[in-house]
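Trainee: Full structure from sequences and hints, please.
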Amino acid sequence: MTGGRARAWVELVRGPAALTVPGDALAGSAAGGAPARNTALAIGSSVCLYWAGMALNDWADRAEDARDRPHRPLPSGRVAPAAAFGAAAGLTAAGLALAAAGNRAQLATASALAATVWAYDLKLKHTAAGPAAMGAARGLDLLLGAAGAGRVAPAALPPAALLAAHTTAVTHVSRNEVGGGDRTAPLAALATTAGIAAVVSRPGPEAGTARGCAASYLLTAAPALTRAAGQPTGAHTKAGVVAGLQALVPLQAGLAARAGARASVPVLLTLLGAARRLSRKVSVT
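Number 232 in my numbering belongs to position 232 of the sequence shown; there are no gaps in the numbering.
Hints in this document: simulated from the structure, not taken from any laboratory. Mixed in with the good hints there might be a few duds.
[What the hints assert, rightly or not] Below, in silico cross-link-like pairs of lysine to aspartate or glutamate (DMTMM-like), each with a Cα-Cα straight-line distance of 20 Å or less:
no.: 1; residue 1: K125; residue 2: D68
no.: 2; residue 1: K281; residue 2: E177
no.: 3; residue 1: K125; residue 2: E206
no.: 4; residue 1: K281; residue 2: D182
no.: 5; residue 1: K123; residue 2: E64
no.: 6; residue 1: K125; residue 2: E177
no.: 7; residue 1: K123; residue 2: D182
no.: 8; residue 1: K125; residue 2: D182
no.: 9; residue 1: K123; residue 2: D65
no.: 10; residue 1: K125; residue 2: D65
Mentor: So this is what it looks like as structure tokens:
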């Protein structure tokens, strides 16, 4: 594969954005008490399903992208639509296979996640249920990590709900990424971010570490969302979406810390730095 073709595929699946995915499984594993092997399988499954969703998204939106984003891999002719759809199917199968190598609970959770991803891309994205479906996918991704223990522990449900709430709010913002013009969604996302940070900062295990992660979460998301609310241009709105996506990582770190997995925090914050650097080279939206 030539360098140009490889870059086209990295753009198609939003390669750097995959760095926001491992933290879902790590936070879920910490909450559910999953063994390391099944946590690693959950991470692999999550990344495959995330990339599958990105490829399928561009396949489903190829007509819209030809008008609004002609530089994307499909409308520019750098990746064939059939190849993108095939990649989505293959990556979905790989994600399910990795989950099946763990246990039945992981396979069941990954199946629900895959179904949500395909339903979002093919049917729900442009409906009122779209943002909630995207939020549900992130919540299920955390539960995939928790399921590594053989079942989804009740302790994993609150952090999954927080991830889902954040993702739902950011997805509302993304609906105006091309043209801008909406202040309501960024303001709502700011309020959601503040509320989630307050929850993560509550007294509990590793409270100091969790509060530091919550502060990083706010500092990552809030400035760009504030600009998007104040001047809702397409550029500011897109920047708010990128910041909201990257803010998932310190949020995951805070959730992992609260569940007692303090060792995951520096790993995840390293991923955040890498995601920021790579997003300057390849778009994550």
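Trainee: Does each hint fit the structure? Answer for all of them.
Mentor: Here is what the structure says about each hint:
For the proposed pair K125 and D68, the alpha carbon gap of about 16 Å is at most 20 Å, so the pair holds. Only pairs whose Cα atoms come within 20 Å are accepted, and K281 paired with E177 is accepted, the gap being roughly 19 Å. As the CA atoms of K125 and E206 are separated by approximately 38 Å, the hinted pair breaks the 20 Å bound. Our distance criterion of 20 Å between C-alpha atoms is broken by K281 and D182, whose separation comes to about 27 Å.
Only pairs whose Cα atoms come within 20 Å are accepted, and K123 paired with E64 is accepted, the gap being roughly 15 Å. Straight-line distance between C-alpha atoms of K125 and E177 comes to about 14 Å, which keeps the hinted pair within the 20 Å bound. Under the criterion of a C-alpha separation no larger than 20 Å, the hint pairing K123 with D182 is inconsistent with the structure, at around 24 Å. Restraint check for K125 and D182: satisfied, since their Cα atoms lie roughly 18 Å apart, inside the 20 Å limit.
A hinted pair counts as satisfied when its Cα atoms are at most 20 Å apart, and K123 with D65 qualifies at roughly 17 Å. With a CA separation close to 14 Å, the supplied pair K125 and D65 stays within the 20 Å bound.
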